[in-house]
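Asker: Residue numbers (the UniProt record's numbering), protein chains in the order written: chain U, 1 to 253; chain E, 1 to 279.
It should be emphasised that the hints constitute simulated quantities derived from the structure, not laboratory data. A couple of the hints might just be wrong.
Keeping only pairs whose Cα atoms sit at most 30 Å apart, straight-line, the calculated DSS-like set for lysine-lysine is [to be verified]:
(1) E:Lys125 to E:Lys90
(2) U:Lys66 to U:Lys216
(3) U:Lys89 to E:Lys173
(4) E:Lys18 to E:Lys90
(5) E:Lys173 to U:Lys92
(6) E:Lys173 to U:Lys70
(7) U:Lys92 to E:Lys125
Which residues of chain E face chain U? A few of them, derived with a C-beta cut under 7 Å, are [unchecked claim]:
(8) Pro118
(9) Thr119
(10) Ala122
(11) Gly153
(12) Glu179
(13) Met182
(14) Thr184
(15) Lys213
(16) Ala216
(17) Gln217
(18) Leu219
C-beta: ideal position from N, C-alpha, C; glycine also.
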Amino acid sequence: MAGPELLLDSSIRLWVVLPIVFITFIVGVLRHYVTQLLHNEKKVDLQQVSDSQVLLRSRILRENGKYLPKQSFAMRKHYFNNPETGFFKKVKRKVIPKNPMTDTSMLTDMMKGNLTNVLPMILIGGWINWAFSGFVTTKVPFPLTLRFKPMLQRGIELLSLDASWVSSASWYFLNVFGLRSMYTLILGQDNAADQSRIMQDQMTGAAMAMPPDPNKAFKSEWEALEIVEHRWALENVEEELMCQDLNFRGLFS
Amino acid sequence: MSSISELYDVSWEEMRDKLRKWREENYRNSEQIVDVGEELINEHASKLGDDIWIIYEQVMIAALDCSRDDLAWSCLQELKRQFPDSHRVKRLAGMRLEALERYEDANKLYDSILQDDPTNTAARKRKISILRAQGKSSEAIRELNEYLEQFVGDQEAWHELSELYINEHDYAKAAFCLEELMMTNPHNHLYCEQYAEVKYTQGGLENLELARKYFAQALKLNNRNMRALFGLYMGLFATSHQPYTPQNPEAQGFAARNRDEVDCVQLKFQHIHGEGLSC
Numbered sequence: 001m002a003g004p005e006l007l008l009d010s011s012i013r014l015w016v017v018l019p020i021v022f023i024t025f026i027v028g029v030l031r032h033y034v035t036q037l038l039h040n041e042k043k044v045d046l047q048q049v050s051d052s053q054v055l056l057r058s059r060i061l062r063e064n065g066k067y068l069p070k071q072s073f074a075m076r077k078h079y080f081n082n083p084e085t086g087f088f089k090k091v092k093r094k095v096i097p098k099n100p101m102t103d104t105s106m107l108t109d110m111m112k113g114n115l116t117n118v119l120p121m122i123l124i125g126g127w128i129n130w131a132f133s134g135f136v137t138t139k140v141p142f143p144l145t146l147r148f149k150p151m152l153q154r155g156i157e158l159l160s161l162d163a164s165w166v167s168s169a170s171w172y173f174l175n176v177f178g179l180r181s182m183y184t185l186i187l188g189q190d191n192a193a194d195q196s197r198i199m200q201d202q203m204t205g206a207a208m209a210m211p212p213d214p215n216k217a218f219k220s221e222w223e224a225l226e227i228v229e230h231r232w233a234l235e236n237v238e239e240e241l242m243c244q245d246l247n248f249r250g251l252f253s
Numbered sequence: 001m002s003s004i005s006e007l008y009d010v011s012w013e014e015m016r017d018k019l020r021k022w023r024e025e026n027y028r029n030s031e032q033i034v035d036v037g038e039e040l041i042n043e044h045a046s047k048l049g050d051d052i053w054i055i056y057e058q059v060m061i062a063a064l065d066c067s068r069d070d071l072a073w074s075c076l077q078e079l080k081r082q083f084p085d086s087h088r089v090k091r092l093a094g095m096r097l098e099a100l101e102r103y104e105d106a107n108k109l110y111d112s113i114l115q116d117d118p119t120n121t122a123a124r125k126r127k128i129s130i131l132r133a134q135g136k137s138s139e140a141i142r143e144l145n146e147y148l149e150q151f152v153g154d155q156e157a158w159h160e161l162s163e164l165y166i167n168e169h170d171y172a173k174a175a176f177c178l179e180e181l182m183m184t185n186p187h188n189h190l191y192c193e194q195y196a197e198v199k200y201t202q203g204g205l206e207n208l209e210l211a212r213k214y215f216a217q218a219l220k221l222n223n224r225n226m227r228a229l230f231g232l233y234m235g236l237f238a239t240s241h242q243p244y245t246p247q248n249p250e251a252q253g254f255a256a257r258n259r260d261e262v263d264c265v266q267l268k269f270q271h272i273h274g275e276g277l278s279c
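Chain E extracted, bound-state conformation:
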């Protein structure tokens, strides 16, 4: 198999810059990273200088994803040789054990890291992901809650918790987690849209109204978000068909207004698809 640099006609600097871009923007294209990274390490190690250590880390995680244990092991050895007492390297060793499904050993390793440094968030999060990998979702939820009690600002963790709750169908708590995320990132249309979806799933007039509002907000933030548009349409449709009850005399006014809005959105859909949607 010819090398990447021949296939795509790129120099080693371009490969290195590509890896940096993927690293900074948190891409998870592991196969590509393994291909490009392996070549960089084998052919151009001397030219990379100190960059090589972070590339080792990046390639190792990608190799674990592609179950390339040989590559992961060699990267780990290099890193261990250079940074013998580092917690970061220990965590990578733990991740490799997790990939081999040796969860007990991985747990022991993470516990030793935490004994040394109780504020190490990476080790705690790996322990929680071990629980999740083993399928023990209720324990994972409990541990994650404890973790979040201490580190309230960790957005990755909030997102993970919301996912866990959605899997358990506990939508109220998932909504709480997504609210935390929306609070810290008010301009992120994806969180708005996820929150709206959870509210829509919960059902009930109030939640549907909220869902509509947040779908609309997501659209306002990014008008290309098709899921939000569809969600808005479904929300309008659902609320316009809520029955009129004496407790909610405004519902009729809502229903009328909603029908107008449904028509509006439908028109926009027609614009896209070129044909009407039948309700």
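With the rest of the complex left out, here is chain U:
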């Protein structure tokens, strides 16, 4: 339903649109620094480091094993995959599933995360909703269906209004996600103001140094290593070398 083109008061632009951008940005930067202050060193477990390196070695063996002589490759594969004494078969790490409710360190981390990210968002979102309500702030450049109306047009009870016209609360949320690249520019990569990344982390589950189940990782490595076969890359290297010109001309003058 295409409504007539609305002409908005230009003071909306001056006093609503720009302040919201400004506020979002400043709050984001503040969040970054507060997170840095509250951040505590992650204790690295020796076992985890060791395991991750072993997995790396096994992966490299699969990829670059063809540069080793056949026997060396077989020796290493045997070390990893032997049914009785192989590393991946024999070593079973005791995995204590970390219950987020009872594990104290994870609990404090979660609390801190919530405090620095969710709380400001709720507070400021609510304040903006209260302070800047009752009028249309901006128009999104693409047409939207009617189902978006109650979501994006809080506080504006007009049935005939185009769904593309949105309120200030939705402009705030647009900013929260849109300013992500600005944060990267100013604060450098991997900054704590990047909320969408944090939300992604929360969705994919725990993200500590190693996948919390090394046994699974070992199993998948074992399977991958089983099927790899050794094709020696150096089979014909001498013939190839003899065929090509070694370009010694001009090397020693």
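Fit chain E to the supplied structure of chain U, relying on the hints for placement.
Answerer: Chain E in isolation, oriented as in the chain U frame:
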């Protein structure tokens, strides 16, 4: 003695950039580092800003190499003042004790670091180098093996272990270590060439064949590697003179082919040296 900036007509920024280049590319030209670094620290400390700490570290290690204990001590003091609880600074203090041959004290210091942080690889490696400095190579080998069991990915350590084994004439184990290095860096011609040399030293037809192949690979990766070329030549020469045995009927075919290859390589040598090599 006039300062570096006068001698070479360089500004302090260029000196700082030179130091950074040496640091990143792991150069060990300690005397130069001490000269340039000392001047930077004494004259231009305020202009360097936060870079100065890493320059202190770099200059301190170079000063230990040149046995300039005064300079090393002053650098260490500055770093201790700025980073009082840092393990990295403690390790530098340990290195200074090692340079003064106070190995017991250095060991105690490293043990305290490891108690605090069991995953600190730098402290462990310093302990192993203390053993090596004291000449206890079998213990050093044992400790290094234990270290590598936990940190399999440490290439520096594998290389060190291969050197230790070569000194003990245990070529099979040295070859194993070099294989690890070749696996992780397949395009590095130096590892190929070292491996080939170890195989050549081990001797025996199989090892000589392997050596030849790896020398050839090293040449393929970098055709300016003269050691590899020479190694290839020696390998071909050696294998072409292996006696024909009933167990190895292909040896004769090999020998004939090898003689061709020997001639090929010899021609290439002649190209370089302008005169024939007599066999």
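Asker: Now tell me if each hint is right for this structure.
Answerer: Here is how each hint holds up against the structure:
1. The suggested pairing of Lys125 (chain E) with Lys90 (chain E) holds, with an alpha-carbon distance near 14 Å, which does not exceed 30 Å.
2. For a cut-off of 30 Å, the pair hint linking Lys66 (chain U) to Lys216 (chain U) stands: about 26 Å separates their Cα positions.
3. Of the pairs offered as hints, the one joining Lys89 (chain U) and Lys173 (chain E) holds, with about 25 Å between alpha carbons and a cut-off of 30 Å not exceeded.
4. In summary, the hint linking Lys18 (chain E) to Lys90 (chain E) is supported, as the alpha carbons are separated by about 27 Å, within the 30 Å threshold.
5. Pair hint Lys173 (chain E) plus Lys92 (chain U) holds up; C-alpha atoms about 28 Å apart against a cutoff of 30 Å.
6. Straight-line distance between C-alpha atoms of Lys173 (chain E) and Lys70 (chain U) comes to about 16 Å, which keeps the hinted pair within the 30 Å bound.
7. Distance hint between Lys92 (chain U) and Lys125 (chain E) is fulfilled; the C-alpha atoms sit about 28 Å from each other, no more than 30 Å.
8. Of the supplied interface hints, the one on Pro118 (chain E) holds, with its beta-carbon coming within about 5 Å of a beta-carbon of chain U, less than 7 Å.
9. For Thr119 (chain E), the interface hint holds, the least distance from its beta-carbon to any beta-carbon of chain U being 5 Å, beneath 7 Å.
10. Hint status for Ala122 (chain E): violated, given a least beta-carbon distance of 14 Å to chain U, over 7 Å.
11. Residue-level restraint check for Gly153 (chain E) holds (minimum Cβ-Cβ distance to chain U is 4 Å; threshold 7 Å).
12. Taking 7 Å as the C-beta cut-off, the interface hint given for Glu179 (chain E) holds, the closest approach to chain U being about 5 Å.
13. Using the Cβ-Cβ criterion of 7 Å, the hint placing Met182 (chain E) at the interface with chain U is satisfied: the shortest such distance is roughly 6 Å.
14. Checking Thr184 (chain E) against chain U by beta carbon gives a least distance of about 6 Å; that is within 7 Å, so the hint holds.
15. Proximity of Lys213 (chain E) to chain U holds as hinted, the smallest CB-CB distance being about 5 Å (cut-off 7 Å).
16. A distance limit of 7 Å between C-beta atoms decides the matter here; for Ala216 (chain E) the minimum to chain U is near 5 Å, and the interface restraint holds.
17. For the restraint placing Gln217 (chain E) at the interface with chain U, the shortest Cβ-Cβ distance is roughly 5 Å, inside the 7 Å limit, so the hint holds.
18. Below 7 Å, beta-carbon pairs count as interface contacts, and Leu219 (chain E) has one with chain U at about 6 Å; its hint therefore holds.
Hint 10 from the list above is the single one not met by this structure.
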